[in-house]
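Once you've looked at the hints, dock chain B against the given chain A.
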Amino acid sequence: MTLLKKSAAEFAAMLAAGDVTSVELTQACLDRIAAVDGAVHSFLYVDAEGALAQAAASDARRAAGTPASELDGVPIAVKDVLATQGLPTTCGSKILEGWIPPYDATVVARLKAAGLPILGKTNMDEFAMGSSTEHSAYGPTHNPWDLDRIPGGSGGGSAAAVAAFEAPLAIGTDTGGSIRQPGAVTGTVGLKPTYGGISRYGLVAMANSLDQVGPVTRTVLDSALLHEVIGGHDPLDSTSIDQPLPALVAAARDGASGDLSGLRVGVIAELRGEGYQAGVQQRFDEAVALLVGAGAEVVEVSCPSFAHALAAYYLIMPSEASSNLARFDAMRYGLRVVPDGDPSAEDVMRATRDAGFGDEVKRRIILGTYALSSGYYDAYYGQAQKVRTLISQDFAAAFDLADVLVSPTAPTTAFRIGEKLDDPLAMYLNDVATIPANLAGIPGISIPAGLAPEDGLPVGFQVLAPALADDRLYRVGAALEALLEKQWGAPLLSQAPELTPAVEPVETSGGAA
Amino acid sequence: MPEISRDEVRHLADLARIELDDAELDHLAPQLSVILESIASIAGVAAADIPPTSHALPLTNVYRDDVVVPCLTAEQALSGAPASEQQRFSVPRILGDEQ
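As given, the protein sequences belong to chains A and B, one line each in that order.
Using our numbering, the first residue of the first sequence is number 1, and each one after it goes up by one.
Using our numbering, the first residue of the second sequence is number 1, and each one after it goes up by one.
For reference, chain A alone in the conformation it holds in the complex (with noise of 0.2 Å):
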């Protein structure tokens, strides 16, 4: 259990000296998923074989002196969004149970080519709708910090893994918030990119404007040297940015000293006070009175329009995705239920997306059909884009008074599970300072800023960029995190519950919490 709580950057150094070999890393990860997972059931499938072999693969590689990569043989999740070859791929949905793609998302082929092996495939909202992971067809996963609570959304699967130290990096992709809300509430990093600079061929789309994958890990350094693998220009994603990425983890290792000397730093005025709890604006608070003392200048900045953001996203986003979910149709792949008589393909249609789509899609389809209705369009998805170009001038204007942007990640710790389900806009709510970058296509990343007083739960700290400026993210975020675990005397997971393993091991979910 020690040496799985070390950092992937430590796990590629011990592979380099040869202090550890992938095989006995990837073993402790599945040993570690057979004793907690059932708990916390981060996992809707997991890979022990297929992991073993690439770990051994690896091995031979670092033992011919030819490793694939500085991560060659460090085990990772990747969320059940991305396509993977010869492994299901579910979105959490009843309607892809079985799915087998043929083939691997640009992402995943990345990871194989750097020698990472994959454990396994991660829970999530069903399609990524949702910011508690309850909403997965397959049952919720539960925040390794208290098993009662929801682990975030839509990626609560990667987060908790990488929480509940069964998985060193993870794989997730953020719509409106879905890698660092989760990160906030499980205290641990996680990273949206530029829109456009990470591929998503083969990420199964839900609103494609907005979604982009990015990397969910324990350390910012972490982070960066995953996001290096999997970043940079695909000619199979027409959207994907065709110029290389920023030095990334050389920001990590810079700003790791502490030292933010001439960062200017924009407090968003909308995004705190009415709707924060108390202990998540004070940790806020006091992250940035420690940027100021590493010599940054803070200024208050303003972004009226982030007023509509939430309004202008629940048009854009059910509209994007009532088209984009169109794709499950019972005749290519998935589920197919055949009615009684002689049904028509419609009939097979209707009473397949009945039965394979849980109430959260149900609910998003028809509120973008609406949307998307004539009539209605002007009115709501037009205004809603017009309302996105309003955030972008926003966000350059406030860009133009500080370098990086700051706010609570998500406006409260975690809930319980089952407090806001069938609550749809108290649900929606936990999004509202996410949602902003995604609209604009900026980066953001979320990293720990402590635990809540009045609660003891992890409270998240996100820094905003400018577009492309991704390594302004992992500079700030590295000074922050060294500042803070100076404070602490070690990284914030140290002081989450030990997880009872479970005295047989559990193969499957169920709940057992």
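There are no misleading hints in this set.
Facing chain A, from chain B, some residues (calculated, C-beta under 8 Å): (1) R17; (2) L20; (3) P51; (4) S54; (5) L72; (6) L95.
Covered stretches of chain B (in silico footprint by chain A; criterion: 3 or more residues with CB under 8 Å from a CB of chain A, positions within the stretch not fixed): (7) 23–31; (8) 57–71.
Keep in mind that the hints were calculated from the coordinates and are not lab data.
C-beta atoms are modelled at their ideal positions from N, C-alpha and C, and glycine is treated no differently.
Just chain B, lined up with the frame of chain A:
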């Protein structure tokens, strides 16, 4: 934003090819009304001269050279199909009763 009625939800679900039974309509229609009410504030926020943004970063059409590259085999493409026949997707009858 007008309130969304149960019948409208039924119609929208029909457009989206989702069969909703009465219990589901009772459950979802009021929730959708609440959501729509909360996003109604967006109407009239932006002036007429504000251009819409469809993608965060400017997009241009991307073309590749017209060269043959490997792709899925027919077997791979059909591997997830609920039913297939003679290297084709096999589907139920496509004409409805009214046609």
